[in-house]
Amino acid sequence: MVQVTTGSSFMKVAIIQFPGSNCDTDCQAALASLPGIQAEIVWHKETSLAGYAAVVLPGGFSYGDYLRCGSIARFSPIMRAVRAVAESGVLVLGICNGFQILCEAGLLPGTLMRNNGLLFRCEHLHLRVENNDSPFTSVLHQGQVLDIPIAHGEGNYFADAETLKQLNMNNQILVRYCDASGNVSPEANPNGSLENIAGICSHGRNVFGLMPHPERVCDPLLGGTDGRSIFQSMIEAVAKLNVKS
Amino acid sequence: MSNRAITPELIAKHGLSPEEYDKVLSILGREPSFEELGVFSVMWSEHCSYKNSRPELRKFPTTGPSVLVKAGEENAGVIDIGDGWAVAFKIESHNHPSAVEPFQGAATGVGGIIRDIFTMGARPVFLMDSLRFGPIEGDGEQAKTNRRLFAGVVAGIAHYGNCIGLPTIAGEVYFDESYSGNPLVNAFCLGILRHEQIARGAAEGVGNPVFYVGAETGRDGLAGAAFASRELTEESKADRPAVQVGDPFREKLLLEACLELLATDCVAGIQDMGAAGLTCSTCETASRGGTGVEIDVQLVPQRAKGQTPYEVLLSESQERMLVIVKKGQEATVKQIFEKWNLPYAEIGKVTDDGMMRVRNGNEIVVNVPARALADDCPLYSREAASFTPPAQLDLATVPQIDPETALPKLLSHPSIASKRWVWRQYDHMVRTGTAVLPGSDAAVFIVREANKILAAATDCNAIYCKLDPGVGARIAVAECARNLACSGAVPIGVTDNLNFGNPHKPENFYQLRAAVEGISEGCRAFGVPVTGGNVSLYNESPAGAIDPTPTISMVGTIADAAHITTQYFKQAGDQIFLIGETGSELGGSHYLLALHGRKEGAPPTMDFAQEKAIHAALLSVIRKGLVQSAHDCSEGGLAVTIAESCFFNSLAASIDLGSTNQRPDVLLFNETQGRIVISVKSSNVSTLEAELSKSGVPFRKMGEVTAKADLLIKTGANAYRWRIADLNEIFEGAIPSLMGG
Amino acid sequence: MKAVVTVMPKPAILDPAGVATGHAMEHLGLKGVRSVRIGKSIEIEVDDADEKQLHEICHDLLSNPVVEDYKLEILS
Amino acid sequence: MKAVVTVMPKPAILDPAGVATGHAMEHLGLKGVRSVRIGKSIEIEVDDADEKQLHEICHDLLSNPVVEDYKLEILS
Ligand SMILES: Nc1ncnc2c1ncn2[C@@H]1O[C@H](COP(=O)(O)OP(=O)(O)O)[C@@H](O)[C@H]1O
Ligand SMILES: [Mg+2]
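Residue numbers (the numbering used here), protein chains in the order written: chain A, 1 to 245; chain B, 1 to 741; chain C, 1 to 76; chain D, 1 to 76.
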């Protein structure tokens, strides 16, 4: 099902570079610090993602985020390919602006509105792992608390009631904002997101969008390594698929 | 040429003095055209020519073995950091535009300084900001305006920096009456490059084509450079259309395109269009190259219809660059601009006649010798008032306030309170290099691609500068260096932003001169060059001049990641030491200002020899792995420093200052320089004491870090106690509650 | 062809910017502010386009149907 | 009382959002997009206010006269 270059021990990851992406090289460096990953930047005008086992839509301000975050990027040429590989089961991870683009493109339900406090917020905060039955959270355990920073002005997750019900029923909500001891409370909600939602996956579970930035906590010198678990889960998920195929 | 008559009124409107106009006549040997008058006007504005400050700026130490590009040679200085890597950094003001339109004024200030850095061929890696506003407390109209300016400026910096993807990792914010109506917005950018990547802003190679790239030219900020050099008066409201709008998205594309372009071998010279736009960039590149440049305004990409040559030449539209391309390489250049979707045009060529020549199609509208235009502006040595150093404060006139009351008040003073409300709006982590986030003494940034660790801080206590400008400037340099030392860094260079009032007033000119001399002395003492900077004069509102504010930004390097140190106590049981000696002066202190409403007395003294010895001693014990935390004493004195060290990890301290015959308020809140509070594991205490004794600096054990609820400070028979959680809440809550969340 | 597109948050959606602006208006002395909603107004000048095309643009690009409604007015 | 305030960037002022959106519209197949300008549309419901007061609010709070123009329409 998934096309991965066999015989190579590398998992090839594409990091999409839109005009205005600015966490692309951060993601590349974070991924490169993990063994077994080859991370390549792919320009948004490309049209194929053949050969990549996973795709990352990094953070930033694609097209300046001018009209609405992610609203213009979703029409970039590469997005056709992203949609195609997502439908074929390839792992797609959208971080921050990447999450916004995935929502705008309809690859994930709902949308990200302006923070209810109206200000951009950059800070370390905590996430509770709500579900580890996904290729992005498999090395974590349910209820585990991660310290991963956010940096966004529009991360207020919203979906209509029916969608929200579906997300809960299908265990698509993978992480929620919480306090240091894991309580999901209104005080721990940095932006007004419904039910403290910080990240959701698709119905098929292979597309994951999250507002916090795991790539920023992959080095003990930079305030922690909790972000690695997300990438680690992806590596393991791809490795399993390779064994199967 | 435009046939508009050159009247004395028109000349005056262009801000040229009769003497300057005579010089124009003698350079040209004829009357200037209207366009030429505009060109002279902006090139000879204070902002571009430094005509009032240049003789002073020559006093700065600018050389040294690590200096690769000197101050003033190019857009920013460049300093070697080893292994073939270098940094380019600079600070720049956008005070007047920010007073008129805080959001766009601050945003375009950030955009401008970023362009200065990538013009050098460097990849920008981080930003800092130094801000001053009038008081933000209360319901008065002025307080409301000050809050609006503060909120707008911070949002503007956040907008530009966050969007372009550069972390703002440090800065400072002070609030004082003198900035009501005239806020200060100084932005700093640092970039990294290989030695061989240094790009020059010179028009080299006769016949080479001149390219324009970036945003289309509109009528933005028309004559803004001249505008920045005038006092802010009621009339400047009429200058309102002189506001530029920044487009960080375009700048991000321009940045990537220019760096990609500079990595090829196609570029003979490159120059950003900052203040004075196209005029300044053509004239300066020609002057630096010893060549001439000829351009045609009709070829310039334009946003608005029907712009005159005058408007195109003087427009300050943002996000534009001038690139001198090696002949024959045009195709590669075009390909890169097209990839990044940037408007561009070939607008002229390099000539050999030394002239800056501007055509409007077939007509020549400007024909001026470039070098004379760039360099021959009359320089002024203004009159400096004589200065009597202020008398020491008479302590008898200062009623004692109970420290238990005073400390919370100090911690809630907006100048001392936590600036989290500010830096939380800045993405301070993008580019994944920020090892010490804002909030500690100096920020620390790891440059991954170069495997180097940098530290940076920006400081200026303008109260000291107001009371004694020379001493204040010396302290600003020392405090920066001290903040770097506390983070484990050794300074490598300084950039400064001289913010002053109208230099025609002798007392203001004295302040400028004394500050430059004080900075020079400080830089010599620490052995660091001034790599560049910026001068902003005419910072006055109807109420008078601002307090002199010579902002210092200092960059340092840290040899080993193990040396990175923060100001926060790490664990209960660690022992607390004070390095340096506490004096008894309260002059210029925030205690005197915030609790007694007085800005007077003599500021603390600055002994560079002692200061240097203390930094060296601190660094040596940091490098030996003995130091858990280090935090210098600045505004608010010892008690504020100790409280701040408690916060981050929710610890407390138990301090005993022994018996002294000093007043407790003096002891706890005076601002004697050269003091650092450190904490040390108990097991390391004897080693530390031995090391510090060897270095000969004064130090004393003060107490220990505790996990208790209260901060306790004893002096002789007195004991003071504060709930640390309360202090923390006051410190963190002060600015958010004034700004409405 | 000239058109104006107005994009507003759907009635059921909380609009914190609108709420904050409403408070600020009361602070400035306006009494009984019941509601303030902030949306976008987009002026378009295009050489040729038919209404259907413009509706598509409004739906796909200019508004986010999850949380916003749009109104398209063709002026000339 | 109901009112709608439209706040637009002044004609001479750069509107980066409009420019980016215009490019996107062309990308989506619209031909000859001459100009796109993006401003705000603000719907206000207030118990009582006179027109003068509203103009003041528009000038002082809702728009930034340095870079924006506003239009006030009173609906009822
Ligand atoms: N405008 C700002 N932007 C970013 N960081 C800031 C800003 N203002 C203050 N900070 C950060 O807050 C901390 C305290 O600042 P300050 O009180 O000026 O420190 P110090 O007295 O040690 O110089 C520092 O880490 C500083 O970098
Ligand atoms: Mg300090």
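Because the hints were derived from the structure by calculation, they are not lab data.
Some hints could be false.
[Claimed, not checked] Computed cross-link-like contacts, BS3-like style, restricted to lysine-lysine with a CA-CA straight-line distance of at most 27 Å:
1. C/52 / D/2
2. D/2 / C/71
3. C/2 / D/31
4. D/71 / C/2
5. D/71 / B/334
6. D/10 / C/40
7. C/52 / C/40
8. A/45 / D/40
9. A/45 / B/305
10. D/71 / C/10
11. C/10 / D/2
12. D/31 / C/52
13. B/144 / D/40
14. C/31 / D/31
15. D/31 / B/144
16. B/334 / A/12
17. B/334 / A/45
18. C/2 / D/52
19. C/2 / C/31
20. B/305 / D/40
21. B/305 / C/2
22. B/305 / D/31
23. D/71 / C/71
24. C/10 / D/31
25. D/52 / C/31
26. C/2 / D/40
27. C/40 / D/52
28. C/71 / D/31
29. B/144 / C/31
30. D/52 / B/144
31. C/2 / D/10
32. D/52 / B/305
33. D/52 / B/339
34. D/71 / B/305
35. C/31 / D/40
36. D/71 / C/40
37. D/2 / C/40
38. D/52 / C/52
Hinted pair residue 71 of chain C and residue 31 of chain D, Cα distance within 27 Å: Between residue 71 of chain C and residue 31 of chain D the Cα gap is close to 21 Å, so the pair holds against 27 Å.
Straight-line alpha-carbon gap residue 305 of chain B to residue 31 of chain D, limit 27 Å: Status holds; Cα separation ~21 Å.
Proposed proximity, residue 31 of chain C with residue 52 of chain D (alpha carbon, max 27 Å): Distance of about 14 Å is within 27 Å: holds.
Distance restraint between residue 31 of chain C and residue 31 of chain D, which requires alpha-carbon spacing of 27 Å or less: 47 Å, violated
Proposed proximity, residue 31 of chain C with residue 2 of chain C (alpha carbon, max 27 Å): 37 Å, violated
Satisfaction of hint between residue 305 of chain B and residue 52 of chain D, Cα-Cα up to 27 Å: 35 Å, violated
Distance restraint between residue 2 of chain C and residue 40 of chain D, which requires alpha-carbon spacing of 27 Å or less: 18 Å, holds
Hint consistency between residue 2 of chain D and residue 71 of chain C [alpha-carbon to alpha-carbon, up to 27 Å]: Measuring from Cα to Cα gives roughly 18 Å; hence the hint holds.
27 Å limit on alpha-carbon distance, applied to hinted pair residue 305 of chain B and residue 2 of chain C: At roughly 19 Å apart (the allowed maximum being 27 Å), residue 2 of chain C and residue 305 of chain B satisfy the hint.
Hinted pair residue 52 of chain D and residue 52 of chain C, Cα distance within 27 Å: 40 Å, violated
Hinted pair residue 52 of chain C and residue 40 of chain C, Cα distance within 27 Å: 21 Å, holds
Restraint check for residue 40 of chain C with residue 52 of chain D, where alpha carbons must lie at most 27 Å apart: 24 Å, holds
Going down the numbered hints, you'll see the structure goes against 1, 5, 8, 9, 14, 15, 16, 18, 19, 24, 32, 33, 38, while the others check out.
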